[in-house]
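Novice: Here is what each chain is made of, one letter per residue.
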Amino acid sequence: MIKIITVLLILSLTLNASEKEYAAKIIKNLVEVIDSSNTSVWTDDDSDMTGLLERKQLHVVKTCKNAKVLILSSDKSIPKHCIDKPILVLDYALLEKHSNAVSAFFWQKGRPNIVFIKKRLQRFSISLPSTYDKYLEEQIW
Amino acid sequence: MVKGNNRAVIVFILLVLIGFLIWIKMYITQTHDTLYKRLESNALQNMKGISKNIERSISEKLDTGNTHTLYDVFKNNPNLREEIEEELMLFISTNVQYVYLVYKDKKDRFRFLADGSSKDKARFNQKIDFDNDNYIDIYTIKKDVAITQNTLEKLSITYLYPIVRQGEVDSLLVFDFSSNLKSDLKKILEPVQTLFMFIYILIGIFIIVTLIQTFYYYQARKRSFVDKLTQTYNRHYLRHYLKTIDISQYQIIMVDFDYFKKVNDHYGHETGDIVLSQSAEVMKTLIRGEDKIFRYGGEEFLLLIKSTDIVVVEEVAERIRVAIHSYDFSVYDMPTQLSVSLGINTAPAKARNIGEAIKIADMMLFKAKDQGRNRLVSNKDLKKVYVEDTYSIRDTIHNLKEAIENDKIMCHYQKIVNVESQTYKYEALVRCIDHEGDILYPNHFLAEIMHTSVYVDLSKRVIDLSTDMIRERSISVSINLSIVDLLNEELTDYLIEKLDSLGEHSSHLSIEILEHEEIHNLEGLKAIIDRLHQYGVMFAIDDFGSGYANFQYLIELKIDCLKIDGSLIEKVCVSEESRHIVKAIINLAQEMNMLTIAEFVSSQEVHDEVVSLGIDYMQGYYISSPETLS
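First to last, the sequence lines map onto chains A and B. Counting in numbering that gives the first Met the number 0, the first sequence runs from 0 upward without gaps. Counting in numbering that gives the first Met the number 0, the second sequence runs from 0 upward without gaps.
Just chain A, with the same shape it has in the complex (with noise of 0.2 Å):
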């Protein structure tokens, strides 16, 4: 019975890391899309965010002083001096609460969405590629 239970964890696990896994491969193309040059990224995630963006091979500083992208997943308050950076937010709601937060990547009905706000893109002197064209907002909704 403790190997079932045991196995089926184990399987739960998977399942669920398999559904962050897919996140942090879109999360490093977005960052690489935000800034291309060898971006090293700061997040607020406290799970296991951190260790899944380092397996997709980004750079991730402790301080968010020396990061060039801030990843936020809450509605916490970034230090002062980081407040001047692009940030990528985690959840929609969260392009309004961070007026530097240039892009938006969440789960809307079981189904992953990506947002780009042009005018923020254009502040940080961001282009996009014209693949990303389709997720191009002129405002928050």
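Derived from the structure by calculation, the hints contain no laboratory data. Among these hints, one or two may not hold up.
To be verified - Covered stretches of chain A (chain B as the covering partner; in silico rule of three or more C-beta atoms under 8 Å from a C-beta of chain B):
id, stretch
1, 106 to 120
2, 133 to 139
Said to hold, decoys possible - Just a few of them, taken from the derived set where beta-carbon distance is under 10 Å, the chain B residues facing chain A:
id, residue
3, Lys-106
4, Phe-123
5, Glu-626
The model shown is predicted, which means the values in this text are computed figures rather than measured ones. Backbone N, C-alpha and C fix where the C-beta goes; we use that ideal spot for every residue, glycine too.
Dock chain B against the given chain A, drawing on the hints supplied.
Specialist: Only chain B this time, still in chain A's reference frame:
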């Protein structure tokens, strides 16, 4: 062990069982799919009804003649949108995870109009990324569509219903079904599937156990068929193999090592074993794949050569003889060259059965030994004898062999007395008890078994019985052996072994040499007689006065006693010539310091006559008939 037929039945049952289970498994899978499709179809049918109701409800809520798109309507009337969202919320259930309205913007991107979800609620006009062209295609086909979600973990099906206004698709009503639908169905079928899983496991274990057992069965069977030492087939397999072949396509070669006992005695059994295994390897290289080699006895091999050509088989036999004879066994610290004798039965199919066919090869082998060893003898020229002869010879050999094996050989003992009628010794006379319990005398079987290995076995048995009698009763016993017997090393070794076991009583044994044959190996004979003399064994010439070479024996061999032929003794009172010959023999014996025995003393007259002639000992029915000493 499982017999062949039973195994076939088990395999058949297993196959039927496996077939049945596969069919059940396929049936369950099919039923599962059918049920799922039916459930899916029912669910979608329901959704279609619900969608129509929602579409109707939206139309009713709009002012008659309102031609604006729903985007415009909801943008300008948030309350109506909320009202619709509340309505959509009613259809959220365990299976229906999300219900919402979307529209396609100018850039073919979909945006929310209304969202019935309370959790994960989207904002008005918020973009949603659909990765399927079916969403756009509905604007053309204007029909509802069900999309199976294979890449999304939490969704199983998405049902899309077009809301048509003024003949055009205005927006899409979307129902996302959770993956619970499939898992619910799985739960329903789970007990049945679990039951079958256990049955599969049990059947699997059964099959594995059966396979393992079959594997071990064949391993054990193989082991039981192969002689460990020589890696040739054994007699057990010979019996099995003979049932599977047409013996008329084969010829039989019996191979036996000459003087093999010497190898074991002088160099040890380990060396003997090496010699056998090496020789077997040699023989294997000289036969073809379709031929078979069996270890038939201790140092005896039987070869079944698949050929009806006598020349071919004789060539094979000769090759084996030469190969063994020229094989260098010195690497095993054996200075001597070894040789084999071979007997060939060129027509085994003509024998009554395979046992007899082998016996004929064995007889030929014995002839080869008799003719000096290191040679091969076949029955190709003797075929007539074996074919035309009655089966009595074969029957006799077979019966006697059986009698020896079943301890049906016995001895009668006839007294030999001196002139004072005191018992001097007993002559052991062999008898055989047949199937009916009747006693058979040597004239019934001795001639037939001469020159066969059975004869040697019989002589050994007589030696056994006589030495036992000496040991038990401390009497002197005389046995009859032929010159061939005395030159048979196997037999003389056996005799010496027995004499050793008798200790001081060994001198109680006497040997009467049957003078039926000319002496071919005089030196050998002298050597063995000398050797046996050392044990105190006395030698007598049996039936002296008949046959040939009588005087050669006297000159060349150290004979202790002459046993005057019965045909002379029984006429001693009626024939002057016989009386003269008997008298001359007695005188000769006295001159040469030998004792004399008169046999066939059948009356008082004969008794008195031979006594008067100076005989030392007498034997015959007048004195005592042969009898058991029990």
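Novice: Taking the hints in turn, state whether each one holds.
Specialist: Hints, one by one, checked against the model:
1. 106 to 120: Since three or more residues must qualify, the claim that chain B covers the stretch 106 to 120 of chain A holds, with 9 doing so at under 8 Å.
2. 133 to 139: With 3 residues close enough to chain B, the hint holds.
3. Lys-106: holds (7 Å)
4. Phe-123: holds (7 Å)
5. Glu-626: Violated, because the Cβ-Cβ distance from B/Glu-626 to chain A comes to roughly 85 Å (cut-off 10 Å).
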